[in-house]
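Residue-level listing of the chains:
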Amino acid sequence: MEVLVCVKRVPAPGAKVPLTEDAQDIDTRHLGFTIGPHEECAVEEAVRLVEAHGGHVTVLAAGPPEVAEQLRYALAMGADRGVLVDTGAAELDPEATAAAVVHAIRTLDAEPFDLVLFGNESADAGHYQVGIRVACELGLPIVGGIKGIDVDGAAGDRLRLRRDVATGVEVYEVPLPTAAAVKEGLNLPRYPTMPGRLKARKAQLLTIPFEPAAGGLRKVRLRQPHDDREAAIVLGHGAAAAPAVVDVLEELGAV
Amino acid sequence: MLLTVVDEQPGSLDTLGMARTIGTPVAAVAFGTAADGAKLADELVKHGVGTLHLISHELLTDYAPEAFGEALAQLIARLRPEGVIATGDDRGAEVMAQAAARARLPLATQCVSVTGGDPWQLTRIRGGGMLLEDAELTAATKLITVAPGAAGAAEISEVRAVDECVVEAFTPELAPELARTRVVARTTRGDGVSLATAEVVVSGGRGVGSAAGYAVLEELAGLLGGAVGCSRVATNNGWRPHSDQVGLTGTKISPKLYIACGISGATQHWVGCMDAAAILAVNTDPEAPMVTRATYAVIGDVHDVLPAVVAEIRARAGPRR
Ligand SMILES: Cc1cc2nc3c(=O)[nH]c(=O)nc-3n(C[C@H](O)[C@H](O)[C@H](O)COP(=O)(O)OP(=O)(O)OC[C@H]3O[C@@H](n4cnc5c(N)ncnc54)[C@H](O)[C@@H]3O)c2cc1C
Ligand SMILES: Nc1ncnc2c1ncn2[C@@H]1O[C@H](COP(=O)(O)O)[C@@H](O)[C@H]1O
Numbered sequence: 001m002e003v004l005v006c007v008k009r010v011p012a013p014g015a016k017v018p019l020t021e022d023a024q025d026i027d028t029r030h031l032g033f034t035i036g037p038h039e040e041c042a043v044e045e046a047v048r049l050v051e052a053h054g055g056h057v058t059v060l061a062a063g064p065p066e067v068a069e070q071l072r073y074a075l076a077m078g079a080d081r082g083v084l085v086d087t088g089a090a091e092l093d094p095e096a097t098a099a100a101v102v103h104a105i106r107t108l109d110a111e112p113f114d115l116v117l118f119g120n121e122s123a124d125a126g127h128y129q130v131g132i133r134v135a136c137e138l139g140l141p142i143v144g145g146i147k148g149i150d151v152d153g154a155a156g157d158r159l160r161l162r163r164d165v166a167t168g169v170e171v172y173e174v175p176l177p178t179a180a181a182v183k184e185g186l187n188l189p190r191y192p193t194m195p196g197r198l199k200a201r202k203a204q205l206l207t208i209p210f211e212p213a214a215g216g217l218r219k220v221r222l223r224q225p226h227d228d229r230e231a232a233i234v235l236g237h238g239a240a241a242a243p244a245v246v247d248v249l250e251e252l253g254a255v
Numbered sequence: 001m002l003l004t005v006v007d008e009q010p011g012s013l014d015t016l017g018m019a020r021t022i023g024t025p026v027a028a029v030a031f032g033t034a035a036d037g038a039k040l041a042d043e044l045v046k047h048g049v050g051t052l053h054l055i056s057h058e059l060l061t062d063y064a065p066e067a068f069g070e071a072l073a074q075l076i077a078r079l080r081p082e083g084v085i086a087t088g089d090d091r092g093a094e095v096m097a098q099a100a101a102r103a104r105l106p107l108a109t110q111c112v113s114v115t116g117g118d119p120w121q122l123t124r125i126r127g128g129g130m131l132l133e134d135a136e137l138t139a140a141t142k143l144i145t146v147a148p149g150a151a152g153a154a155e156i157s158e159v160r161a162v163d164e165c166v167v168e169a170f171t172p173e174l175a176p177e178l179a180r181t182r183v184v185a186r187t188t189r190g191d192g193v194s195l196a197t198a199e200v201v202v203s204g205g206r207g208v209g210s211a212a213g214y215a216v217l218e219e220l221a222g223l224l225g226g227a228v229g230c231s232r233v234a235t236n237n238g239w240r241p242h243s244d245q246v247g248l249t250g251t252k253i254s255p256k257l258y259i260a261c262g263i264s265g266a267t268q269h270w271v272g273c274m275d276a277a278a279i280l281a282v283n284t285d286p287e288a289p290m291v292t293r294a295t296y297a298v299i300g301d302v303h304d305v306l307p308a309v310v311a312e313i314r315a316r317a318g319p320r321r
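Chains G and S supply the protein sequences, listed in that same order. My numbering puts the first residue of the first sequence at 1, with every later residue one more than the last. My numbering puts the first residue of the second sequence at 1, with every later residue one more than the last.
Be aware that a few hints might be false.
Straight-line Cα separation of at most 27 Å, BS3-like style, residue types lysine-lysine; simulated pairs [as the list claims (entries may be wrong)]: (1) S/K252 to G/K16; (2) S/K256 to G/K16; (3) S/K252 to G/K219; (4) G/K219 to G/K16; (5) S/K252 to G/K147.
Since the hints were made in silico from the structure, they are not lab data.
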């Protein structure tokens with residue numbers, strides 16, 4: 001099975017989210033980067049599917065050249081090949097991102113993919129649409145919110161996809177090739193091993209430069225949400241705080 | 001004209017309020033049978049909506065994201081509305097993204113406010129509430145989804161009822177192939193207190209220390225009739241199932257009381273619990289962001305504080321508990 005996973009490089013802020021002076025981006029001078037948890041699960045699932053059924057895992061990220069770091073992380077988790085779609089430093093709108101991903105997939109057309117995995121939404125922008133736009137452009141079926149993937153059918157040419165809804169679980173059965181947008185909880189991603197990291201560090205990435213046209217959604221500025229919380233009331237220290245805690249629980253009607 | 005996507009879910013008509021802040025007239029669109037349409041029209045009359053575009057087709061009798069999106073895209077092509085507004089729940093977001101992709105239109109998701117005109121000026125949520133983004137949306141038909149909880153019902157109460165809501169039937173042309181992404185089976189979850197709806201959530205992070213360490217959280221949650229939650233560190237360590245995880249990539253909750261035990265309060269966790277009416281933080285570190293942003297705090301070790309709280313509750317309840 002040939003599996004493609006699309007991942008995005010996102011900042012990993014702690015308790016505060018600093019902004020740049022022009023309010024266009026998160027100030028990442030003192031922050032690390034990561035791929036979103038949904039996408040980490042997508043990489044893990046792809047690696048497991050290929051371990052079980054053969055084939056290759058390709059990971060693809062569009063963005064500045066630094067996305068190489070996230071591609072190498074996915075390679076260290078067990079992906080076979082990394083594709084860097086170099087679209088420059090500026091954040092892309094979701095139509096432009098989808099165009100870049102589609103362009104890259106068409107460039108890789110010699111080896112068509114059986115399965116294309118996305119995160120349900122990107123961790124920073126959360127547009128909830130890049131995967132659907134790409135699948136639609138490529139004529140692939142796609143279902144979002146997936147938390148379970150089983151290969152089905154005698155010929156292994158169908159997938160059973162499960163997703164959680166408020167009332168329970170919905171099951172979909174789609175023919176390959178297909179796309180799916182997955183959520184954290186699909187699996188428990190592995191930590192890359194030391195040999196995996198070393199191999200990933202040396203791996204060649206395929207770079208595809210692309211300048212997509214802008215879409216109709218234009219970011220003007222980012223803002224911190226308003227937070228007018230007062231300082232916490234400290235009820236006490238250690239076990240001695242228990243009576244004060246239960247007083248509050250009673251006041252709130254919790255006991 | 002603005003189109004608002006509605007269904008029978010409670011709160012679905014809240015988006016009408018957001019639509020009216022953008023412009024008028026506002027018409028509704030829904031998927032379903034003639035009977036569904038009649039029922040919705042009765043409700044829409046009270047909300048001052050005079051037209052319901054009812055999309056019906058045999059491929060739409062059960063949820064099918066591609067078919068729903070294609071049908072909506074065809075209705076957009078026919079009516080050429082100024083904008084289409086839908087609730088940003090999982091299904092609403094998916095159908096709108098499908099429609100946007102098929103109609104080749106931009107889509108702004110997770111909006112909390114919109115000002116009409118050309119372009120639309122809007123504010124949307126990023127990172128589950130970590131940041132706000134002001135943006136401009138330029139398109140022949142502008143598509144938005146409303147962040148869950150952002151569309152207040154307030155404006156609706158001021159709206160005058162209309163005499164009648166006319167149901168306009170629309171039958172899209174759907175290729176049978178679109179049935180490939182259709183629900184083929186369903187299982188229903190058992191009862192029990194669910195994380196998403198519990199009034200009290202007792203949640204633990206790295207500070208709980210181990211899977212076994214959650215026993216006292218379970219016990220306290222039991223006494224308070226609540227559910228147990230956790231941070232991503234607990235999930236990643238295999239201490240708790242992911243279904244317990246609160247946060248950006250877990251569940252977003254709004255209980256009456258959130259008790260955060262040994263959780264530092266990283267933004268990705270915070271956005272999942274910040275809508276709680278009250279937060280009690282239990283943490284060894286008085287400077288932890290969860291402690292400073294909570295309503296109440298106890299400085300101390302989870303495994304000293306929680307057993308004492310459990311004992312105190314039992315003591316006050318009397319000797320027979
Ligand atoms: C894109 C992205 C998405 C994410 N999504 C989520 C998400 O949905 N949910 C989520 O939770 N996280 C999420 N995270 C992870 C998040 O950034 C934090 O790493 C995580 O929330 C930290 O968990 P924690 O508070 O349990 O651990 P830590 O940050 O390590 O904090 C542990 C806390 O416990 C306290 N402590 C230690 N020992 C004790 C003790 N004995 N008694 C009392 N207190 C003690 C410490 O003082 C500290 O404050 C995400 C991260 C990224 C990058
Ligand atoms: N720059 C990117 N490069 C590769 N994949 C991306 C990029 N942006 C988004 N995606 C994929 O599309 C999914 C949905 O993103 P979004 O529409 O921004 O919420 C993500 O989880 C990724 O799998």
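| message | So if I understand the rule, the pair passes when the alpha-carbon distance is 27 Å or less; does S/K256 with G/K16 pass? | response | Roughly 25 Å separates the two Cα atoms, so the pair holds.
| task | Given the hint that S/K252 pairs with G/K147, test it: the Cα-Cα distance must not exceed 27 Å. | result | holds (17 Å)
| When you check the alpha-carbon spacing of S/K252 and G/K219, does it fall within 27 Å? | holds (25 Å)
| query | Given the proposed pairing of G/K219 with G/K16, does the C-alpha separation stay at or below 27 Å? | reply | It holds: about 21 Å lies between the C-alpha atoms, which stays within 27 Å.
| field | Given hint G/K16 paired with S/K252 - CA-CA distance at most 27 Å | value | OK: S/K252 and G/K16 at ~19 Å, within 27 Å.
Going down the numbered hints, you'll see the structure goes against none, and every one checks out.
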